[in-house]
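Since the structure of chain A is already known, use the hints to place chain B on it.
Here the protein sequences line up with chains A and B, keeping their order. Read left to right, the first sequence gives residues 267 to 669 (our numbering). Read left to right, the second sequence gives residues 267 to 669 (our numbering).
Hints are computed from structural coordinates only; laboratory data are not their basis.
Any copy will do: because identical chains look the same in the list, a pair fits if it lies in one copy or spans two.
Listed below are the simulated EDC-like cross-link pairs for lysine to aspartate or glutamate, each with C-alpha atoms no more than 20 Å apart in a straight line:
1) Lys302 to Glu632
2) Lys629 to Glu303
3) Lys302 to Asp624
4) Lys561 to Asp579
5) Lys652 to Glu307
6) Lys652 to Asp321
2 protein chains.
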Amino acid sequence: MLNLSNNFCLLYLVLLLLLGFGCSPNKSTTPTSPQKETIIENLKRPWSMAFISEDEVIVAEKDGDLLRVNLSTKERHIIKGFPSDLADSIMMVKDKFEFGIFPKDADGYKTKYNAGIFEILIDPNFKKNNWIYVSYVSQNEEEKSTTKVIRAKLIEDNLSDIQTLFVATPYSHGLFHYGGGMTFGNDGNLYFTIGERLFNEVLEPEIPVAQDLKDKRGKIYRLHPDGSIPDDNPDFGEGAVDGMFAVGIRAAQGITKHPETGQIWFSEHGTVQGDEINLLEKGANYGWPVITSGKFRDKNYQPPNMEERTFTDPVWYWLHTVAPTGLTFYSGDEFPLWKNNLIVPGLSRGSLWRLTLDGATLKSAEELFLDDRVRTRKAAVSPQGKLYILTDETNGRIIRIRS
Amino acid sequence: MLNLSNNFCLLYLVLLLLLGFGCSPNKSTTPTSPQKETIIENLKRPWSMAFISEDEVIVAEKDGDLLRVNLSTKERHIIKGFPSDLADSIMMVKDKFEFGIFPKDADGYKTKYNAGIFEILIDPNFKKNNWIYVSYVSQNEEEKSTTKVIRAKLIEDNLSDIQTLFVATPYSHGLFHYGGGMTFGNDGNLYFTIGERLFNEVLEPEIPVAQDLKDKRGKIYRLHPDGSIPDDNPDFGEGAVDGMFAVGIRAAQGITKHPETGQIWFSEHGTVQGDEINLLEKGANYGWPVITSGKFRDKNYQPPNMEERTFTDPVWYWLHTVAPTGLTFYSGDEFPLWKNNLIVPGLSRGSLWRLTLDGATLKSAEELFLDDRVRTRKAAVSPQGKLYILTDETNGRIIRIRS
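Chain A extracted, bound-state conformation (with noise of 0.2 Å):
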């Protein structure tokens, strides 16, 4: 690293006027703001990317496949040989469940919901041992459905060897918050989020689903490569779910690990209001429902009371709805003061956001794109540092944001 003096500092402010001027595509002393490419198109619904090479992605479509992309021939494939058990859509009878949005119908009739594939991550040695890791919703004969975990190895088109490394049962009805954003840590494992499955709170058990250490939902758990359990992960105490990492998740989708600290950051959907961005800790409680950064969808729900369990707060969390989604840490060269800054998504009015940390503090947060809004999945970095969003659309593409 350089190391510089503080005149060279002056000096750095001093280039970055003078050079301002001469990239300013105006001739105005106004910087430019970040622009955004087209890379790829007609993507049904694409959920995350991972990058097997600088130009090469996975991408995993929530109403499709998984597919292997090159972004700069523009070239596709679909993956073959993925389980059967996928539910692309759910195909429900609306009035036989109780959602506590959608109004009853009389007759019932059956309508389509978003499932499919969720996140992609490749083995950090997937050059040597062709391991993929997959999260998607698995469904049943009686066409309940569930979050599954899987990894299989990916050679050229085709996926083989699958091997199945959790499945959040039950099996259910339930609608949305399926979670599945997964990450590695720095430790090699594979860090990845379950929703808790419902959509109302009116609908919770007696002690809530993502209170109860029993439960597989509602949680964040980690496990080895393999879904073996490791020996240091925290004890939640006689009958607790194996796996468990940290517990009282509502719906959280995005999680990322910090490229310099190895922390591990994830979003979180809250009800009314009540978005979250969370720093994730080995047996943390992050309080669904029992404490909240929003309100309830039921006015007149009463959450138990659990004083005696301890709650974890958000690091920060939003006044207004965004429904945070995939996030990822920018540690690109093209946008220098962005560097180690989270970059959100949001479904919620297709928002972009870029929060600047310090350590456990968030100092900004900035929303990009006021006049250019896309509803965005994910936003993903390349290995050479280059940013992508994919967006939620029937007509789903991968962005590439550029200065």
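Here is chain B on its own, set in the frame of chain A:
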């Protein structure tokens, strides 16, 4: 202006990266966040300041005096000769007035509300003519008050030749929303905001104050510096108040000029949400209370139908309460990427915002100092481009924002 090639831009990015390393205090690649440095303390709720030179400023205290302050030596002098009708605080019997928010007290009791000195501007030719311009709360013998705009000669620490440029009659007991923001345009004219002086829309007359072209309140004015009316002011029809430049204003405090385009921008307080950033256009009607991006305090309030009028939308409105106030454009070199960004303090929760514009389009909105909030009344930039904020505290401060 330099005319550099695209290759130079690449070099620029590389330089940014390399030098970014050197300037980071923690030997990490994470760029440094902006810092706060308190320059002056013990001010009585400072509302604004104007630069006589890089170091010497006139500070207007809402709860106090007009001061001449040296930011380097910290020396300060009270400016003598301020008009005696200044209401530095309003003593009111609560139950006499319909505020719409305060619980009525059976006996009525006196309580203190904020008033005082608001904006201070110095004449562009101050060095030759010694004129300064001040907006403040004038109180009459009946203890009624309103906004007054004056100019006076400032020689050393004394005011003389005081001229009244505008009085927003009628004097009333109505609280809040005096307005009082002022700026000079590139046309050499003085622009200022007058609030509608109502706190709750249930108090609106049949023709709402801000829509009544014969009522001085709830408007933005443009006058020559001597108080005379420019010939090319917009025509609001017969009987309209002289000097009006735009109408339909609820509670605009901050108003400022873009340093390059000369466009004038202003902030406006909403009721429940509805806090806005607006671009000032000649003759425009900003809609209050017929249209608003927020909600009414009184859920039963129905504004009159005025569909024959054309309303101008805000450029930006927040989805939560900000209470934006004395905004300014950043024109310094210390934060090169902030060039020409709009810096907006918010009274609510002590927020500070950086808005990036492209013409009349908002590109991004960053909330700064999330972990170090202070109720801020004003942002100001020195002649050499240093950024300052004034805190709305009983121990008010001038804080420099530095890299």
